[in-house]
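With chain A fixed as given, assemble chain B onto it according to the hints.
Chains as they are written, first to last, in the numbering used here: chain A, 1 to 358; chain B, 359 to 674.
Quick caveat, the hints were computed from the structure, so don't treat them as lab data.
This structure is a prediction, so every number in the text was calculated from the model and none was measured.
Take every hint as true, because none was put in to throw you off.
Facing chain A, from chain B, some residues (calculated, C-beta under 10 Å):
1) Q465
2) L607
3) Y651
Glycine included, each C-beta is placed from N, C-alpha and C at the ideal position.
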Amino acid sequence: MLYREAGQFKTSYSADQAMLTIPLDRWFVFGLAAFAIVGVPLLASEYLIASILIPVLILSIAALGLNILTGYCGQLSLGTGAFMAAGAYLAYKIATNITWMPIWLVIPLAGLCAAAIGIAFGLPSLRIKGFYLAVATLAAQFFLLWLFVKVPWFVNYSISGVPTAPPRSVLGFDVTGATATNEAKYLFVLAFVIALAWIARNMARSRIGRSWMAIRDMDIAAELIGIRPLPTKLSAFAISSFYCGVAGALWAMCYINTVEPTAFDINRSFQVLFMVIVGGLGSVLGSFLGAAFIFLLPIFLNSAPGWFGYSVAGDIITHIEFMLFGALIIFFLIVEPHGLARLWQIAKEKLRLWPFPY
Amino acid sequence: METLYLIFIDPFVQMVVEPAFLVEVLIGGLMSGVMYSLVALGFVLIFKASGIFNFAQGIFVLFAALNFVGLMDLGVHPILAFLITVGIMTVLAFAVDRLVLRPLVNQDPIILFMATIGIAFFLEGFGESIWGGDVRPVRVGIPDAALFWEAGFGEILVQSSDLFAGVIAAFLVTVLALFFHFTPVGRALRAVADDHQAALSVGIPLNNIWVIVWAVAGFVALVAGIMWGAKLGVQFALSTIALKALPVLILGGFTSIPGAIIGGLIVGAGEKLFENYWGVPLLEGATEEWFAYIVAMIFLFFRPQGLFGEKIIERV
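Only chain A is shown next, with the shape it has when bound in the complex:
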């Protein structure tokens, strides 16, 4: 009733090819973006912005990146953490050595470096696929982290090996370093999120995205209809690593304020993989929903006993958190293997008929 596709006439090709063809969808997305830009910095508390919104948004970028590789192109990767680390370390290196470069340029540049590394580690995907490839990407995970820890050049020979992010500003507002306000950091991250999500959505429905999906669904058949596997798979690796690199750079610069290897270990790779699976493979919206769900779940589990007046010892909470997490993953896979994005679609279907059942 309220939400419907019928009766929305398009009178030009550009209207037909628009990203969001249904006005209600369009207004919803624009409204959400406007609220995120204007409303959230005014209304939300410091804690909400600094400890929840910023990390969720950054992890959404990483999940988008992995979704491009795994969800759209069908190449399973367990090396997300390493590509994020590449972005973080190279962003630090570039920002401190080329001091005149604005930070909004440094971060995409670090993403490009991560993309180059991603191409190198994506090369085996031409010969292998599935779980074999997953193991090959583990090579990236362990080798790159070792490299960043062992080569002091990446951290400018810092003695601790864990340098803090240099203070940089955009339009006169500090966005990185200790002096930056949470609102400025949030808006800086949000700008990247909006741009990258818009690009991802458009890539997915253009030629490159369709060729990824063809490779995913059946690579030999895709080859037979004229899609070249080499550029297609490597472009997926490059773009995915770019997204992960940007996410890693933002994570180090705007969230934890230090460049440290433990933030990008194998558990991070799994975390992002969970986000993609729980959110929905091959869905931009799913990346966001999955990132929010997986990041908030442990926080919820941690604080839930407190709301009911129970107090439980810290390490028992961690163990139970692990158990619940594992059980929830399995539950989700059984109940809805296509993820949260599919639930959203079902809700829209229902909304179309509401309030009349037929």
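Chain B alone, transformed into the frame defined by chain A:
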């Protein structure tokens, strides 16, 4: 020139000059290789029988060892503790089959793979909330003494626990090989591994077979866990070490039991040699973290199916 000399000539010169050290490094490497093989064996068993890539095998090792050690700390006799743990792993196999695999029948392999990661998380939390997260030593009377062996070219130091682990692993592999070749259940398992539908059509109950395979993998995990535990203590780090079984699988092939053994030995010996002759002098050490993965990755370029894996044939 200096660097080239250090990379290509110096390590080999040292190997020839000090053969005793070389043999020690090799033995140490092969012994840790045996451990990798034991974990990889569990992966291969499940992958062959059900086509599921069981990521939780590493946690199985930890979980089995935790139960075993926990029971022993309660004063249970080691043999009884061993039998009870085998029982626990069988119940676990049954539970995994009923609660996770059955509802997910016909899903994509990636979904099943994710489900095994879920199992891994669950078991990790479950095991540690029952038995606690401390490092526990295993005392099952595995002799741990330094043996000196007088060879023609010098004295070689060998840990007796390493030798013991080698013997146990060889014994286990023999038992498994006999089980697979000469028992009805073993034959049924091989039949299922070859072709699910053909196996079904000659009357092999697929459901029971899956439970059996997961239970056998649990048993292998228990043996691996005790061996690892005797060496390093039972601790969470075991599951990370168990990840090394993945490159071992790549080298050996996902579907080959001898491949898992030989792949493990190659990886174990290779990473110790590399660490001692190239890693420490040239790369500041800790190369063991990634050596196996990089070797596996390079290897994949030339033989994607592994040393002993079945040739991958694709049809449109």
